[in-house]
Amino acid sequence: MTQLWIISGYLGLLLLLGLFANRLFSGTKSDYQLASHSIGPFLLLMSLFGTTMTAFALVGSSGEAYKEGIGVYGMLASSSGIIHSLCFFLIGVKVWSLARKHGYTTQIQYFRERLESDNLGLLLFPLLVGLVIPYLLIGVLSSGIVVQNMTAGAFPDFAAFATKTPATHGGVPPWIGSLVVCLVVMCYVFLGGMRGTAWANAFQTVVFMILGVVTFCVVANKLGGKESLWENLQTLGEAIPHDKATRADMSKTKFFSYLLIPLSVGMFPHLFQHWLTAKSAKTFKLPVIAHPVFIMIVWVPCVLVGVWATTNLIPLKPPLPKIPGTDVVNANAILPFLVKTQTSDLLGGLLTAGILAAIMSSLDSQFLCLGTMFSTDIINHYRKEPLSDRQQVQTTRLFIVGIVALTYLLSLSNYRSVFALAVWCFSGFSALFPLIFAAVYWKRLTKAGAYACVLAVTGVWGYLFYLSGYGANRTYSLSFSLGENTYQVMPVAAIFLASLVAMVGVSLVTRPPKPGTLEKFFAD
Amino acid sequence: MSGSRSAFRVPISAFPKMPRILLVAILVLLVLHQDNWFWTDARLVFGFMPVGLFYHACISIAASIMWFWATKYCWPEETATHGGSE
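These protein sequence lines are chains Y and W, in that order. Position 522, counted from 1, in the first sequence is what our numbering calls 672; the numbers after and before it change by one each time, with no gaps. Position 45, counted from 1, in the second sequence is what our numbering calls 706; the numbers after and before it change by one each time, with no gaps.
Quick caveat, the hints were computed from the structure, so don't treat them as lab data. Glycine included, each C-beta is placed from N, C-alpha and C at the ideal position. Please note that a few of the clues may not be correct.
As the list claims (entries may be wrong) - Some chain W residues judged to face chain Y by a derived CB distance under 10 Å, without partners named:
no. : residue
1   : V685
2   : H694
3   : R704
4   : I720
5   : I726
6   : M727
7   : F729
Isolated chain Y, as found in the complex:
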């Protein structure tokens, strides 16, 4: 029950933050959607980092490490440290400048003008929204799982909260946990807009980073059973099975092709919106520098906790949580389970707040971004008379409520397949990276080239997604032979290649953009 009170208190604190941000809200569209371009280096760092560190980073990293071993860090974390900052440096600063100059709020506004095509927006819009929604679902579902695991035993006699698995029995069911988290995020985004979101992100990022390190130490001390933290770390390290301490079972080419996944941040619409909140180009310096080390601070402890869960030092009782209806360990519940069983109620509650913080710091940006896109790129764009500032704020808020409701309803369906969608979402955004890069740096990119790129991504992504059983085959990869050897690569490699070839090929054989457009976007 202690955990429940702490979680409730934490969520209440976020609501207060939203209310406070609302008091500073000037009432304009720019203030609501972009915090009036007032975000400084520290807040930008925290909001960019908090947004990119999703449920996948905390709950998923420990779960994947449990299944695949330490190689998960190299696959997704150290590569992200290099490539995310590269995207902030090469794409972020440039689109920030262009958006400030031409008054853009969304990616689609930029693409429409850069590529002289109104309809390109209509093609991109469903694709971007379609790729963000599964990403949102991952957060909503994770929050439900975390709350249920952490409150297990709080209501042992309440029949509606009973489960067959002892690890979750008597806990708040996922549908209630997810609903509450959705409502809290919706409230502070609704009230505080981008300013509230940036503050909440900064606050939540500090919370989950500190509590993540605390969890690591507490769990190590409990599992190790020795006197000092150092001795416990060594005991746990020695107990890690060989296959989890190495990448013996991992394909080298598949590992290499994972390098393409972090390029997704270049095309995330919610990051694009965050970039535009920066006060100046110099504001980007701190995020560019600190992002790789911040990733390390969050991921290394999570990966170690995940591989520790494979050792024989894990107590047999209570057993690791299983996927409902199966005997398979629910890897995504490993972190909350260890927090619940290896720490005190007070710390467990605080650590749950930390996990929820990581989840919510991504959800808020995504909800705000989709609301902004609906309001700006669809409603306002196709009206003869543009909406007033006040009306645009209202429509953004209205769409935020609609998207939260839709995401929540979708989250009530089968959850297992959704986690498998994470890498597919990132793959889709990564494959669109050539489009933003070429739009920014390649004068020869044409409207037809952009269409070819988007259609190639849609077609190849859709085909491979179908072949993977709509994400059900979570280890799905492509194989090719070279001599006597067979190599595996992630599907993103094929989608990315198709996107790049289609864009470059079609651009080169079609009419270049008008000189006026090139002058506008490439004045140097």
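Chain W: place on chain Y using the hints.
Below, chain W alone, put in the same frame as chain Y:
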């Protein structure tokens, strides 16, 4: 079509251009990232951290150092006037 036009001026030439040395540094880091040499090595660094994980944590630190250097020596000169009309 787009939002309100801002009076904010940013010289287009002030965008980050990638000096060759930074490009080389990024490529070196990406090559080092594919550490075939520790692939099946289960040794522990400091007695608790598998060497493969330790190595990649060092890659993260090296990336931060490289980006620190890049922001110091490869950052575009910002001559923009701030305070747009929005």
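Against the structure, the hints come out as follows:
Nearest Cβ of chain Y to the Cβ of V685 of chain W: about 14 Å, over the 10 Å cut. The hint is violated. Restraint check, H694 of chain W versus chain Y: the minimum CB separation of about 6 Å is within 10 Å; hint holds. Given the 10 Å rule on beta carbons, the hint for R704 of chain W holds: about 9 Å separates it from the nearest Cβ of chain Y. A cut of 10 Å between beta carbons decides the hint on I720 of chain W: the least distance to chain Y is about 4 Å, and the hint holds.
Against a cut-off of 10 Å between C-beta atoms, the interface hint on I726 of chain W holds, since the closest Cβ of chain Y lies about 9 Å away. Hint status for M727 of chain W relative to chain Y: holds, with the closest Cβ pair at about 8 Å, below 10 Å. For F729 of chain W, the interface hint holds, since its Cβ comes within 10 Å of a Cβ in chain Y; the closest pair sits about 5 Å apart.
Checked against the numbered hints given earlier, the structure breaks only hint 1 and satisfies all the rest.
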